[in-house]
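The lines below spell out each chain.
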Amino acid sequence: MSEGATDDGAVVRLRPPNNTLNGRVVGWWRVQSLIGTASVTAVLAVLGMLIDPARTWLLVAAAVVAALGLLEAIVVPGWRFRVHRWEVTDEAVYVRTGAFWQEWHIAPMSRIQRVDTMRGPLERAFRLSTVTVTTASSRGEIKIEGLDHELAAELAERLTQITQATPGDAT
Amino acid sequence: MSPDGPWPSDEAAEASSSGPGAPSPETATTEPPAVDGQPTSGATGGWQKLDQRAVLVTAAVLFSVAAGICLPVLLGLSGGAWFGLGPRGGLGLGLLLGAGALLVLGGAGIEYLNWRRTRYRIGPERVELHTGVLLVKRRSLARERIRSVDLSANPLLRVLDLVKVRIGTGERSGGESTLELNPVSRAEGERLRTVLLGRPTVPDTVHREGVLAKVDPAWIRYAPLSVLAPVLGGAAAGAVMQVSEWFGAQGEVIHWVGDRFEDTSVPVMVVVLILTALIAGMVGALGVWIEVWWDYRLEREHGGTLRVRRGLLTARSVSMEERRLRGVELIEPFAVRLLGAARLDAVATGISHDDGDKHADLKSLLPAAPREIADTVAGRVLRETRTPTDAPLIPHPRAARARRLRWALLIVAVPAVTLVAWGLYFSSVLLYLAAGYTAVALPAAVFFALDAYRSLGHAISGNYLVARSGTARRATVALQRGGVIGWVVQQSLFQRRAGLLTLIATTAAGTGAYAVPDAGESEGLAFAADAVPGLLEPFLIRERAAGESAPDGGGSLQS
Numbered sequence: 001m002s003e004g005a006t007d008d009g010a011v012v013r014l015r016p017p018n019n020t021l022n023g024r025v026v027g028w029w030r031v032q033s034l035i036g037t038a039s040v041t042a043v044l045a046v047l048g049m050l051i052d053p054a055r056t057w058l059l060v061a062a063a064v065v066a067a068l069g070l071l072e073a074i075v076v077p078g079w080r081f082r083v084h085r086w087e088v089t090d091e092a093v094y095v096r097t098g099a100f101w102q103e104w105h106i107a108p109m110s111r112i113q114r115v116d117t118m119r120g121p122l123e124r125a126f127r128l129s130t131v132t133v134t135t136a137s138s139r140g141e142i143k144i145e146g147l148d149h150e151l152a153a154e155l156a157e158r159l160t161q162i163t164q165a166t167p168g169d170a171t
Numbered sequence: 172m173s174p175d176g177p178w179p180s181d182e183a184a185e186a187s188s189s190g191p192g193a194p195s196p197e198t199a200t201t202e203p204p205a206v207d208g209q210p211t212s213g214a215t216g217g218w219q220k221l222d223q224r225a226v227l228v229t230a231a232v233l234f235s236v237a238a239g240i241c242l243p244v245l246l247g248l249s250g251g252a253w254f255g256l257g258p259r260g261g262l263g264l265g266l267l268l269g270a271g272a273l274l275v276l277g278g279a280g281i282e283y284l285n286w287r288r289t290r291y292r293i294g295p296e297r298v299e300l301h302t303g304v305l306l307v308k309r310r311s312l313a314r315e316r317i318r319s320v321d322l323s324a325n326p327l328l329r330v331l332d333l334v335k336v337r338i339g340t341g342e343r344s345g346g347e348s349t350l351e352l353n354p355v356s357r358a359e360g361e362r363l364r365t366v367l368l369g370r371p372t373v374p375d376t377v378h379r380e381g382v383l384a385k386v387d388p389a390w391i392r393y394a395p396l397s398v399l400a401p402v403l404g405g406a407a408a409g410a411v412m413q414v415s416e417w418f419g420a421q422g423e424v425i426h427w428v429g430d431r432f433e434d435t436s437v438p439v440m441v442v443v444l445i446l447t448a449l450i451a452g453m454v455g456a457l458g459v460w461i462e463v464w465w466d467y468r469l470e471r472e473h474g475g476t477l478r479v480r481r482g483l484l485t486a487r488s489v490s491m492e493e494r495r496l497r498g499v500e501l502i503e504p505f506a507v508r509l510l511g512a513a514r515l516d517a518v519a520t521g522i523s524h525d526d527g528d529k530h531a532d533l534k535s536l537l538p539a540a541p542r543e544i545a546d547t548v549a550g551r552v553l554r555e556t557r558t559p560t561d562a563p564l565i566p567h568p569r570a571a572r573a574r575r576l577r578w579a580l581l582i583v584a585v586p587a588v589t590l591v592a593w594g595l596y597f598s599s600v601l602l603y604l605a606a607g608y609t610a611v612a613l614p615a616a617v618f619f620a621l622d623a624y625r626s627l628g629h630a631i632s633g634n635y636l637v638a639r640s641g642t643a644r645r646a647t648v649a650l651q652r653g654g655v656i657g658w659v660v661q662q663s664l665f666q667r668r669a670g671l672l673t674l675i676a677t678t679a680a681g682t683g684a685y686a687v688p689d690a691g692e693s694e695g696l697a698f699a700a701d702a703v704p705g706l707l708e709p710f711l712i713r714e715r716a717a718g719e720s721a722p723d724g725g726g727s728l729q730s
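Protein sequence lines, in the order shown, are assigned to chains A and B. FYI, in my numbering the residues of the first sequence are 1 to 171. FYI, in my numbering the residues of the second sequence are 172 to 730.
You may find that some hints are simply not true.
A partial selection of chain B residues facing chain A, derived with a Cβ cut-off under 7 Å [to be verified]: (1) 435; (2) 438; (3) 447; (4) 449; (5) 453; (6) 598; (7) 663; (8) 683; (9) 697; (10) 711; (11) 713; (12) 714; (13) 715.
It should be emphasised that the hints constitute simulated quantities derived from the structure, not laboratory data. Cβ atoms here follow ideal geometry from the backbone N, Cα and C, with glycine treated the same way.
Turn these sequences into a full structure, and let the hints guide you.
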């Protein structure tokens, strides 16, 4: 029974969720990535200035980190933007995330316990919000990053309404 | 949504307003009963105290702690010469005994205050517990949320006929979901258990109540194979060193051991010592098994509660509401699997795993036992006539095997290449080492890779989703399909190229998620969609045979 679909020779795939994130998320990810790279590079560079015997090695390491970090900041956010998508139907929340490792999360409305909206300082500068959907499973949390904050508030509101209207004890 | 409602926080506010400096037991006693005012059992509005012998227990524990600390110090002071007391030795002894007495009496005094201020009440709606000497802590659990009442008694408590009671709700959030009554008399513990878990029952004619499994002394043969054995062996060796150091005799011990091996070479000595430690560890593991599983029995009680009772010195009784049960996990550690045995754990909500190993024994249903017995018990526990853990599984695609072989090669290659690189740079001895290492590690890694692939499998068996994986610890989980509260599908770039993906069923029970690693892409998704009807289906695209297979996949599942 379970292999029925493949017995027919049908190819089963997950379709991408309907909505993309807000375009500003690319900038946010890029800035985050650059801040990370800059702090590691700075630490290595300062150490390189201070520690004479290991100067060359530390400075080379700093340069390598900076180069890789820059490359990552250029390539990965765009890639992630193409992968990250989300969708909320009346029955479920459906999200695709990742870049190299992709993840699809599906949580039914009847099992959602909590909906949170969060905005970090940097995220706020980009006028973005993160919506977190929590289920009774410790591993079932779903995060939708990089939504326009008005849209995020609306979405959280809507999710809360749907979950409250859906019966079930969520476990 | 908040589990406790506004009630406890009001209470907490009250408590803090009365202030830690002004403890007035009278007002504290009279206030809360006025809230719902229905005395249920006993006097004073149903409020009960813990057993007074709590003080005695604390004193006894502290006495042994004091003795444990003082004795080595004493021996250290007297330098091994027993009580060869000069005037300074006498002073030291006096101080030491004084400190010990202070510890015991002070601890007992604090425990007495604690006991005075600790009260609990089984109300019609809630179980309440008030504790705290300086800061009064008032906690309560809604009775309808209580999912487990576990009793345990260490030897000391058993001598006094006392038990420790843990009342749990199975909420995941925070540590506030468990009330601990430590200690109450055993009769009171049993009473609490029946009162709190006793519920009107739906009689079940097919699946019997009573004993589901009982210990067979022959199962002890699996005990020495547990990972506990080497750990205990190491601990024993460490203990010998530690104790001999207290007596200042560590050097002598090492010399004595050295003398035993005067005529043998160092490698032989190492092997013999390791074997000795291992054998000591195995003996220890036998002892632990006897202590833990003595008189084990698994029962189904009236009212749909599973109860595990076991223990030689420390008697434990773990009760689990069947309502909480979402499945079972059949676990076969490699060595145990070679002997055709397996153990069984419950997959239940409310055994919070963030408490780690402390509560590992709460989910344990069956010790390592012959595989057929484990399967039978799994069927009985789940009330299934066909036991899901024994269901024929769908194997995973060959690509999953290739992946495991590649990992094995990588794991062997990295150290080998490193050794070769160093060997070329420093000394050719390392090259031989690399060759020897590869010769041993490569076949082993390949063997485990193939074994890991053979372990992979998944199926739907009745109401259960069954998934198996692992080689060193092969685990077969049978998860109620209704207990799956979401799916996570993972796919790395490599997996996508190989047409594989990892399915993770999230659940409120057990570890929170159970994975089907490296399933075939189409087959795996169809399986996931079938296992939990309606959840995944709207997000799937079925190409070519889309029209025919979609209703089949979604509808014909109520088997």
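Do the hints match the structure? See the list:
no., hint, verdict
1, 435, "violated (46 Å)"
2, 438, "violated (39 Å)"
3, 447, "violated (43 Å)"
4, 449, "violated (37 Å)"
5, 453, "violated (36 Å)"
6, 598, "violated (24 Å)"
7, 663, "holds (5 Å)"
8, 683, "holds (4 Å)"
9, 697, "holds (4 Å)"
10, 711, "holds (6 Å)"
11, 713, "holds (5 Å)"
12, 714, "holds (4 Å)"
13, 715, "holds (5 Å)"
Violated hints for the displayed structure, listed by number in ascending order: 1, 2, 3, 4, 5 and 6.
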